[in-house]
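Make a model of the complete structure from these sequences and hints.
As you go down the protein sequences, you meet chains A and B in turn. Each residue of the first sequence is one higher than the one before, counting from 0 in numbering that gives the first Met the number 0. Each residue of the second sequence is one higher than the one before, counting from 0 in numbering that gives the first Met the number 0.
Take these hints with a grain of salt, some might be off.
Identical copies carry no separate label here, and so any pair may be met within one copy or between two of them.
Under the rule of at most 27 Å between Cα atoms (straight-line distance), these lysine-lysine pairs were calculated in the DSS-like manner [as the list claims (entries may be wrong)]:
id, residue 1, residue 2
1, K311, K251
2, K334, K310
3, K310, K234
4, K278, K150
5, K334, K234
6, K48, K234
7, K346, K292
8, K311, K234
9, K150, K234
10, K329, K234
11, K292, K216
12, K311, K334
13, K150, K48
14, K127, K251
15, K329, K127
Hints in this document: simulated from the structure, not taken from any laboratory.
There are 2 protein chains.
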Amino acid sequence: MASHNQPNLRIPGPVPLPDDVLAVAGSQMINHRGTEYAEMLDQMSSNLKTVFMTNNDVYFITASGTGAMEAAVVNTISPGDKVLSIIIGVFGERFAEIAEAYGADVDRLNFELGNAADLDAVRENIRKNPHIKAVIFTHNESSTGVSNPLKELCTVIHEESDALILVDAVSSAGGVPIAVDAWGVDVVATASQKSWVSPPGIAMITFSKKAWAAYAKSTMPKYYLDVQQYEDYLKIGQPPFTPCLPAMFTLKIALQSMVDEGIENVFQRHHEIAEHTRKGASSIGLDLLPDPKFASNTVTAIRLPDDVDGKKFLSNVNDNFNVVLGGGQKSLTGKIFRIGHMGWVEKSHIDEALNAASETLNRMTS
Amino acid sequence: MASHNQPNLRIPGPVPLPDDVLAVAGSQMINHRGTEYAEMLDQMSSNLKTVFMTNNDVYFITASGTGAMEAAVVNTISPGDKVLSIIIGVFGERFAEIAEAYGADVDRLNFELGNAADLDAVRENIRKNPHIKAVIFTHNESSTGVSNPLKELCTVIHEESDALILVDAVSSAGGVPIAVDAWGVDVVATASQKSWVSPPGIAMITFSKKAWAAYAKSTMPKYYLDVQQYEDYLKIGQPPFTPCLPAMFTLKIALQSMVDEGIENVFQRHHEIAEHTRKGASSIGLDLLPDPKFASNTVTAIRLPDDVDGKKFLSNVNDNFNVVLGGGQKSLTGKIFRIGHMGWVEKSHIDEALNAASETLNRMTS
Chain A
0 MASHNQPNLR
10 IPGPVPLPDD
20 VLAVAGSQMI
30 NHRGTEYAEM
40 LDQMSSNLKT
50 VFMTNNDVYF
60 ITASGTGAME
70 AAVVNTISPG
80 DKVLSIIIGV
90 FGERFAEIAE
100 AYGADVDRLN
110 FELGNAADLD
120 AVRENIRKNP
130 HIKAVIFTHN
140 ESSTGVSNPL
150 KELCTVIHEE
160 SDALILVDAV
170 SSAGGVPIAV
180 DAWGVDVVAT
190 ASQKSWVSPP
200 GIAMITFSKK
210 AWAAYAKSTM
220 PKYYLDVQQY
230 EDYLKIGQPP
240 FTPCLPAMFT
250 LKIALQSMVD
260 EGIENVFQRH
270 HEIAEHTRKG
280 ASSIGLDLLP
290 DPKFASNTVT
300 AIRLPDDVDG
310 KKFLSNVNDN
320 FNVVLGGGQK
330 SLTGKIFRIG
340 HMGWVEKSHI
350 DEALNAASET
360 LNRMTS
Chain B
0 MASHNQPNLR
10 IPGPVPLPDD
20 VLAVAGSQMI
30 NHRGTEYAEM
40 LDQMSSNLKT
50 VFMTNNDVYF
60 ITASGTGAME
70 AAVVNTISPG
80 DKVLSIIIGV
90 FGERFAEIAE
100 AYGADVDRLN
110 FELGNAADLD
120 AVRENIRKNP
130 HIKAVIFTHN
140 ESSTGVSNPL
150 KELCTVIHEE
160 SDALILVDAV
170 SSAGGVPIAV
180 DAWGVDVVAT
190 ASQKSWVSPP
200 GIAMITFSKK
210 AWAAYAKSTM
220 PKYYLDVQQY
230 EDYLKIGQPP
240 FTPCLPAMFT
250 LKIALQSMVD
260 EGIENVFQRH
270 HEIAEHTRKG
280 ASSIGLDLLP
290 DPKFASNTVT
300 AIRLPDDVDG
310 KKFLSNVNDN
320 FNVVLGGGQK
330 SLTGKIFRIG
340 HMGWVEKSHI
350 DEALNAASET
360 LNRMTS
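Next up, the structure:
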């Protein structure tokens with residue numbers, strides 16, 4: 000990227016895109032009701048199912064990841080339904096807010112920032128509240144660099160209830176394994192600008208048979224995010240509404256390339272670059288925010304020394320090294336910085352970012 | 000476009016894009032919470048207000064035009080509110096369906112396909128229903144190539160009621176004058192892939208003071224489309240949710256270029272190419288679907304001879320001339336074809352499309 004004098008964009012999405020993907024994003028428009036689109040949609044649906052290890056339905060919606068989370072809520076629950084919201088950061092809180100905005104009776108189970116959800120606490124909560132319609136939570140909390148143990152959470156929820164499992168996987172899907180069918184996830188919500196090596200614009204969801212059964216009973220108002228519209232049009236190879244073509248074009252390429260690479264290899268690659276980032280942080284004397292056991296494979300949250308002005312740190316890194324790091328959000332503002340490593344990322348990108356952080360801290364504390 | 004062997008895409012959106020715009024769509028990602036984005040958003044908001052001749056708030060939402068229409072509904076009305084829906088085609092019907100999906104008490108005033116709304120009928124309807132909360136309708140019905148007399152409709156509605164005016168201007172805005180303040184339009188909904196010379200991905204709305212007063216009383220559930228979120232983040236130069244950057248990048252260029260050209264010149268250019276299309280249709284012996292008085296300046300709907308198989312006609316035009324025309328929708332399927340002429344369009348594009356239509360009809364009827 001340096002050759003283009005572009006900054007090293009290391010926020011946790013939108014991810015930087017290699018030149019060949021950018022060229023695809025700049026492709027000419029096509030008729031979204033023609034055969035070329037139908038073939039593209041068919042191929043993309045098939046490949047997305049492969050990545051999610053599922054036979055469930057999958058849909059592409061022109062929206063951000065929040066739109067995908069809202070689609071999960073409005074298509075499965077009804078006003079007044081009891082929803083358990085497991086929260087480990089700002090995106091978990093957002094999911095709860097969406098469900099509340101639509102009139103769900105939301106019970107929040109909060110965990111300290113930097114921690115993953117505790118399985119025993121989740122189990123205990125569900126036992127006390129047997130009539131939960133849905134459990135909603137964020138898989139990978141990009142605000143804290145923490146990955147929830149998704150498989151284990153699904154096991155506990157299934158053991159203790161019949162609740163739907165709706166997962167915000169915006170910043171994990173595509174970079175981290177999510178075995179939708181094996182783990183019994185009813186709706187996974189994600190978005191194109193994360194591990195999918197695409198620009199923002201397309202939200203993606205998976206939708207299980209159990210989710211469809213819930214849909215039939217849902218009285219939630221909806222139109223643009225109504226999965227039935229996407230399903231009806233999918234049958235004729237079309238989108239119900241004009242889709243964000245640049246992100247569809249790049250997702251087509253990205254999904255095919257993930258399947259060609261082998262999804263286990265994609266996940267392994269994300270694991271390795273995350274390990275490289277974590278080791279690099281340690282080698283410059285910095286601590287991770289989370290317990291390494293739950294450290295995310297798509298974004299690393301690193302504690303700043305107490306005496307460093309976090310805002311100034313970020314702008315110094317940007318101004319002096321042309322590296323864009325993520326800051327802390329809400330109560331973590333100024334206390335951490337974050338390095339995104341999802342999608343297309345090379346070790347040199349990470350080394351450059353860590354070197355910029357290290358040099359900046361040296362200058363600020365000397 | 001022929002030089003790239005690209006089809007001459009003459010559907011009423013997504014519109015074909017010139018090479019320089021495509022290059023911008025393929026620009027590298029940026030930090031949507033950084034200064035570059037803030038400056039872009041500020042410039043775009045200012046220019047969009049110029050195009051809409053308004054001091055009202057304007058917002059950019061990652062969604063299709065239908066998302067913009069839904070935003071108009073969910074941010075202003077409440078379940079049970081009486082809504083008058085003026086319908087002259089499929090998009091007017093869609094607007095009614097959205098309001099109904101959210102529990103509005105919708106009264107439909109339908110006009111025959113190919114006609115514009117009749118002002119006296121609208122006046123009479125409002126007089127009979129004094130407690131209308133909002134009047135909703137499509138400005139330019141792209142399914143029939145008809146433009147409603149927006150200014151005159153607003154006058155009638157204001158004379159007879161205090162109702163909000165919510166306008167689907169998806170296929171008109173940017174190509175046809177909409178004097179939001181002078182005419183008193185409360186919400187205008189549009190989308191990037193039409194006259195704005197951009198790919199699909201960004202919906203745009205204007206939002207009046209009266210709409211904000213209605214917002215304060217609206218009990219409609221909303222989150223992703225909640226204008227308050229967009230307003231709160233606008234104040235810090237950010238989007239509430241990760242935006243479709245390729246369409247934002249191109250819209251930035253397109254809006255600036257419209258303002259630089261002068262919006263009256265942009266509208267005049269659309270008028271001239273529409274006139275050229277209408278005259279061209281006449282010169283090959285074909286009739287318009289609508290009364291020429293209400294013929295759209297962004298899309299022309301042309302009647303097919305009775306004995307011609309409309310589906311075959313479209314595929315022949317495509318296969319033999321590499322021209323993609325729009326077909327008829329719903330009850331007009333097979334009876335009309337449509338030529339889009341919004342955004343970047345040259346007379347040669349129209350001539351090529353009409354020549355393809357004429358030659359195809361000659362071959363099919365000889």
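Each hint tested on the structure:
Taking the closest pair of Cα atoms, K311 and K251 never come within 27 Å of each other, the shortest separation being 40 Å inside a single copy and 29 Å across copies. Within a single copy, K334 and K310 get their C-alpha atoms as close as 9 Å, which meets the 27 Å cut-off; across copies the closest is 62 Å, which misses it. Taking identical chains as interchangeable, the C-alpha atoms of K310 and K234 lie at most 27 Å apart only when they sit on different chains, with a minimum of 19 Å there against 50 Å within one chain. Taking CA atoms no more than 27 Å apart as the test, K278 paired with K150 passes inside one copy only; the shortest distance there is 26 Å, against 65 Å between copies.
When the C-alpha separation of K334 and K234 is checked against a cutoff of 27 Å, the pair qualifies only between copies, where the shortest distance is 24 Å, while the shortest distance within a copy is 50 Å. Proximity of K48 and K234 under a CA criterion of 27 Å is satisfied intra-copy only: 16 Å inside one chain copy versus 40 Å between copies. Proximity of K346 and K292 under a CA criterion of 27 Å is satisfied intra-copy only: 22 Å inside one chain copy versus 64 Å between copies. Taking the shortest alpha-carbon separations for K311 and K234, only the inter-copy value of 21 Å comes in at or below 27 Å, while the best intra-copy value is 53 Å.
When the C-alpha separation of K150 and K234 is checked against a cutoff of 27 Å, the pair qualifies neither within a copy, at 32 Å, nor between copies, at 40 Å. In the homo-oligomer, the alpha carbons of K329 and K234 lie at most 27 Å apart only across protomers (17 Å), although the nearest pairing inside one protomer, at 43 Å, exceeds that limit. In this homomeric assembly, K292 and K216 never come within 27 Å of each other (Cα to Cα): the closest approach is 40 Å inside a single copy and 48 Å across copies. Within a single copy, K311 and K334 get their C-alpha atoms as close as 12 Å, which meets the 27 Å cut-off; across copies the closest is 65 Å, which misses it.
Proximity of K150 to K48 under the C-alpha cut-off of 27 Å is restricted to the intra-copy arrangement: shortest distance 18 Å within a copy versus 49 Å between copies. In this assembly of identical chains, the alpha carbons of K127 and K251 never lie at most 27 Å apart, being 45 Å within a copy and 53 Å across copies at closest. Within a single copy, K329 and K127 get their C-alpha atoms no closer than 31 Å, and across copies no closer than 52 Å, so neither meets the 27 Å cut-off.
In the structure shown, a violation is registered for the earlier hints numbered 1, 9, 11, 14 and 15, in ascending order.
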